[in-house]
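First residue of the sequence shown? That's 1 in UniProt numbering, and the numbers climb one at a time after it.
If you're looking for bench data, these hints aren't it; they were derived computationally from the structure.
One or more hints might be untrue.
[Unchecked claim] Straight-line alpha carbon distances no greater than 25 angstroms define the calculated PhoX-like cross-link-like pairs of lysine-lysine that follow: (1) K222 to K192; (2) K294 to K282; (3) K94 to K59; (4) K469 to K433.
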Amino acid sequence: MKNLDDNITSSQEMIHPKNPLFNFPIITSSPSVPNDADASSARTQIAIAEKEIDRLNAKLSLILAQRARLISHIDQCRMVIAPYKKLPAELVRKIILLCIPQVNESYKYRAGAKKDLDFRLRVTQICGAWRRIALGESTLWDLFIYPQDGHIELAATWFRQSTCTKLGLAVDLEKSLYTKFKLASLTPVITKVIVPHAERLRFLSLTVDKVILQSLSRNSLKNLETLILDLDNKDPGSWRKSDFQFKFPMPSLRSARISIPRGVIDERLLLGLPLAQLTDLKLTGTIVAADLAKVLNQCSSLENFSVRRVYDTRTVGSELFLCPFPPTPINLTHLRHLDVSVVAAAQHLIYLLVIPNLFSLVADINFASPESHRFLQSLLNLRQAYVSGRDADGFIEEGFLSSIPTSEEVFLSMTSVRHSTLIRIGTGELLPKVVKLHFSVDDLQPVLNMLDTRTLNAETHPERISRIKSIKVYYNDKGKRFHDIFDIWRSRGVNVEIAPW
Numbered sequence: 001m002k003n004l005d006d007n008i009t010s011s012q013e014m015i016h017p018k019n020p021l022f023n024f025p026i027i028t029s030s031p032s033v034p035n036d037a038d039a040s041s042a043r044t045q046i047a048i049a050e051k052e053i054d055r056l057n058a059k060l061s062l063i064l065a066q067r068a069r070l071i072s073h074i075d076q077c078r079m080v081i082a083p084y085k086k087l088p089a090e091l092v093r094k095i096i097l098l099c100i101p102q103v104n105e106s107y108k109y110r111a112g113a114k115k116d117l118d119f120r121l122r123v124t125q126i127c128g129a130w131r132r133i134a135l136g137e138s139t140l141w142d143l144f145i146y147p148q149d150g151h152i153e154l155a156a157t158w159f160r161q162s163t164c165t166k167l168g169l170a171v172d173l174e175k176s177l178y179t180k181f182k183l184a185s186l187t188p189v190i191t192k193v194i195v196p197h198a199e200r201l202r203f204l205s206l207t208v209d210k211v212i213l214q215s216l217s218r219n220s221l222k223n224l225e226t227l228i229l230d231l232d233n234k235d236p237g238s239w240r241k242s243d244f245q246f247k248f249p250m251p252s253l254r255s256a257r258i259s260i261p262r263g264v265i266d267e268r269l270l271l272g273l274p275l276a277q278l279t280d281l282k283l284t285g286t287i288v289a290a291d292l293a294k295v296l297n298q299c300s301s302l303e304n305f306s307v308r309r310v311y312d313t314r315t316v317g318s319e320l321f322l323c324p325f326p327p328t329p330i331n332l333t334h335l336r337h338l339d340v341s342v343v344a345a346a347q348h349l350i351y352l353l354v355i356p357n358l359f360s361l362v363a364d365i366n367f368a369s370p371e372s373h374r375f376l377q378s379l380l381n382l383r384q385a386y387v388s389g390r391d392a393d394g395f396i397e398e399g400f401l402s403s404i405p406t407s408e409e410v411f412l413s414m415t416s417v418r419h420s421t422l423i424r425i426g427t428g429e430l431l432p433k434v435v436k437l438h439f440s441v442d443d444l445q446p447v448l449n450m451l452d453t454r455t456l457n458a459e460t461h462p463e464r465i466s467r468i469k470s471i472k473v474y475y476n477d478k479g480k481r482f483h484d485i486f487d488i489w490r491s492r493g494v495n496v497e498i499a500p501w
């Protein structure tokens, strides 16, 4: 009998497992009859269980509705993507590249950097076919612009996605944040991103201090082609007193741009670079003429050179340029573009340059001396001249303009050109071969006088204006109405463009 009761109890547990919903007395085959209290309790428990079942059913219905909406959304996305999944790989590649803005490597402070990163990462998640095409497209991953609010994980994901062997890395740091942004926060970028992939980098643009630069110098950059460094300028003289040199090998380097906006660029910073193989060199900051001469003497392959003197006169004086240097010619036979801005004490260095193949000159120097005229006359292949220099009287003299007779395109600052000189330009006595004129003016009237057909006597000497094919005027003129002279020139087939400065 005991075994029979145990079997009955076991069977009841199988039918009614231990659960709060079944927490009421179970009616068995026992001869005992439940009383009214037990029946009432059972009915209460059943009511509670029914409410719980209704709640769970409502929740299940909600989940099923959400699932149905999600399935519908996925089906719609698949319907949209389905035609694109069948597109030829070459067409998909073109679509991807057209959706990405062109990246200018020389300008790293670029808006929308993070937005571009998001797109490039998400395009790999459309479908398997697009993912294979996107990851296999090297131009999609060859430049990583690290945003100001970026994370190491973002950079790590980027480098994992990239399949190309040569990469570019730029830190998108606003100049206005120099005083707020701590360069120490770039240390993880150096140690976790640049160092492991240093040999893959072909382009590197950073704002660094000496500590970061020394850390970077311990790594090989054998594929690096372009190096852009904005050196920390909190202490303008610190880099001149530093004995730091670039020690890492850079056999592929062709372009270097070093900037210390308020500091002095020491020769030791530059002599460590492979100067003989550089084709592009840009220096922003104060540099001693003697140091610059040493650097240029080693730049045998240079094609583009720019030096901008930007410094705080309260901390760095122009006497730095008075250091003596050997007055020997500096041969830059491959140089095509020259952009210089130097003080008077260092101009003799510019006049020592031998650059017979120079095509474009951008200069902010004193052109009053006979040396400058001889220098310009030696530029036999000069075609573009953008000048804003001044002589002792504060104007670009006519002797300078007559020294560049071969130039076809000239940009002049109207604030440093005499009115009589403008008339001679208009009549063709000066710059006889110029076909493109660019002016930066505060007042349009001198330009109008120069172009006035009555002044040029164009009716009797039409050849005086037939040589000019394009005129572009940048102006600061406020509220003045334009003269109809421009319409006269346009009627003669001259392309006249007017733009605010």
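Verification of the supplied hints:
1. Under the criterion of a C-alpha separation no larger than 25 angstroms, the hint pairing K222 with K192 is consistent with the structure, at around 19 angstroms.
2. For the given pair, K294 sits about 15 angstroms from K282 by alpha-carbon distance, which is consistent with the 25 angstroms threshold.
3. About 47 angstroms separates the Cα atoms of K94 and K59, which puts this hinted pair outside 25 angstroms; it is violated.
4. Of the pairs offered as hints, the one joining K469 and K433 holds, with about 11 angstroms between alpha carbons and a cut-off of 25 angstroms not exceeded.
Going through the hint list in order, the structure does not satisfy hint 3, though it satisfies all others.
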